[in-house]
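With the sequences and hints as input, model every part of the structure.
Chains A and B supply the protein sequences, listed in that same order. With positions in the first sequence counted from 1, the corresponding number in the working numbering is that position plus 32. With positions in the second sequence counted from 1, the corresponding number in the working numbering is that position plus 989.
Be a bit skeptical, because a hint or two may be false.
Unchecked claim - Each computed DSSO-like pair below joins lysine-lysine, with the alpha-carbon atoms no more than 30 Å apart:
#: 1; chain 1: A; residue 1: Lys119; chain 2: A; residue 2: Lys272
#: 2; chain 1: A; residue 1: Lys148; chain 2: A; residue 2: Lys243
#: 3; chain 1: B; residue 1: Lys1024; chain 2: A; residue 2: Lys123
#: 4; chain 1: A; residue 1: Lys272; chain 2: A; residue 2: Lys243
#: 5; chain 1: A; residue 1: Lys123; chain 2: B; residue 2: Lys1165
#: 6; chain 1: A; residue 1: Lys119; chain 2: B; residue 2: Lys1016
#: 7; chain 1: A; residue 1: Lys243; chain 2: A; residue 2: Lys123
#: 8; chain 1: A; residue 1: Lys119; chain 2: B; residue 2: Lys1165
#: 9; chain 1: A; residue 1: Lys119; chain 2: A; residue 2: Lys243
Unchecked claim - Covered stretches of chain A (in silico footprint by chain B; criterion: 3 or more residues with CB under 8 Å from a CB of chain B, positions within the stretch not fixed):
#: 10; stretch: 88-102
#: 11; stretch: 111-119
#: 12; stretch: 184-195
#: 13; stretch: 202-211
What the hints assert, rightly or not - From the structure, some residues in chain B lie toward chain A, with a derived Cβ separation under 10 Å:
#: 14; residue: Phe1065
#: 15; residue: Pro1194
#: 16; residue: Tyr1205
#: 17; residue: Ser1210
Treat the hints as calculated values from the structure; they're not laboratory data. Just so it is clear, CB atoms sit at the ideal spot from N, CA and C, and this is done for glycine as well.
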Amino acid sequence: MRRLASLVMVPIFGLVFAGCASSDDTTTSLRIAATSSLTEVFNDIGEQFMQANPDITIAFNFASSSDLALQISQGLPADVFASADVKNMAKITAAGLLHGQPVAFATNSLEIVVEKGNPLHIDSLAQLATRGLLFVTCPIEVPIGGYTAEVLRNAGVTVTPASLEENVKGILTKVALGEADAGIVYRTDILAAGSSVAGVPIADNVNLTTKYLVGALRDSQNQDASQRFISFLSSEQGQKIFSQFGFGPA
Amino acid sequence: MLALAGVSVAFFALPFAGLIWRAPWSKVTDILSEKSVGTALWLSLETSLITALISCIFGVPLAWLLARVNFPGQSFVRALATLSMVLPPVVGGVALFFSFGRRGLFGQYLNDWFGIRLPFTTAGVVIAQCFVAMPFLVLTVEAAIRQLDSRYEDAARTLGASRLYVFRRITLPSIKPALVAGVALAWARALGEFGATITFAGNLPGTTQTMPLATYLALESDPEAALILSMLMITVSFVVLVGLRDRWLGHQRNDLVS
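Okay, structure coming up:
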């Protein structure tokens, strides 16, 4: 039996060690944990960054900033964290998990998302309080959930949500599928979603300018590559991509 | 052999050891008496019991059909009825969306003709739970009916008993242990349902936020509460499984004696 065990275990350990050894010296694999509202723009940025830096390959992990902050504090292996709000980045900074200080690299604003063609003719935040209207948002811990609450408070509107989705893409999906009538998302999400949904602007005096922060994680072995990626975000080339996707400068 | 078995035991036991170790035991009563926890627990019990009942009403006839009636396409129907056991529940949730959602294949008529909307409602939670939990009852009961000696049923039929009468007086009493096991399995599966529920029914405290959803979301806002909720779910499921195991063994022993 002991022989059987070693027969099984040796190949398993062999695989584990082979996995470690195969990350060769010439290319660095950079793991970037980023808030889901950056999905489209980061995929584009990643491609251009890898073209400019052939020695680095990027793997993205998109989820809500609060999910990622929790996972990072539980040891998620990542080199860079990009958060959609200050609060979730502060969790990581306070836990001493960041290398250096976080950097702001882009801004965004909010917009009401409705079904394509806006069948309910929603044109203001006040209408979101209409009885029977299905409004979806995120829990308050998720950045977009907190921002939504703030915007509604600014406008003096009380809305009862039909569901609290996991992240901003969940809101977008439910509205695009026609299962929910409206939600509040980032302006860039509506641009990225194209014709599958429609956007209704929020008045400037109640809207917010939200700030994206990025930082290199302390436990990363790839500090040099991480810094290059972070600098790329603020570079002229990087900022041009952000503006193409509708983001504002930091 | 023993060593390998020991590895499997450790593999199953260690995650729970981790939970027990990290759980803030001093705060158990505080957390369990929180209103939000009570709401989620009550909603979970309510929906999972309704699911168990519905699974029983519709699942037992289906199990009987699969076990006792030969018809073309039988294996296709069996595969269809058990597909959701192996599907990722999220896929089930997406499928439910496109069929019973407000804009779904059938859901649009439910909405237009009867004003019935399933997503974001407690009824939607039950639908999602039935979709993933009913197969457990169907499979368990079907296996039990197959194992029955059909000559008793045949004899009753030759003596003039109707199909329903035979089922009620002979089949049903004989498969009672399996039926109990099937209902309990379906109930436990419904209690733990997450993926299809959050996809199809959404997540709102008091309406669609069941225990697994509350646990998952509490991980972000209140990790200690998440640990306690996890322990509670583990305890409930463990009690059900231990109880079932005895029933199963008891059932098999009876078979050997007879």
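Hints and how they fare:
1. Lys119(A) / Lys272(A): 27 Å, holds
2. Lys148(A) / Lys243(A): 28 Å, holds
3. Lys1024(B) / Lys123(A): OK: lysine 1024(B) and lysine 123(A) at ~27 Å, within 30 Å.
4. Lys272(A) / Lys243(A): 17 Å, holds
5. Lys123(A) / Lys1165(B): 54 Å, violated
6. Lys119(A) / Lys1016(B): Holds. Lysine 119(A) to lysine 1016(B) sits at ~26 Å (cutoff 30 Å).
7. Lys243(A) / Lys123(A): 16 Å, holds
8. Lys119(A) / Lys1165(B): 56 Å, violated
9. Lys119(A) / Lys243(A): 11 Å, holds
10. 88-102: Coverage by chain B holds here, the residue count being 3 at a Cβ distance below 8 Å.
11. 111-119: violated (count 0)
12. 184-195: Per the Cβ count (3), the hint holds.
13. 202-211: holds (count 4)
14. Phe1065: 29 Å, violated
15. Pro1194: Holds, about 8 Å.
16. Tyr1205: Where the cut-off is 10 Å and the nearest Cβ of chain A is about 9 Å from tyrosine 1205(B), the hint holds.
17. Ser1210: Since the shortest Cβ distance to chain A is 5 Å, the answer is holds.
Of the numbered hints listed earlier, those contradicted by the structure are 5, 8, 11, 14.
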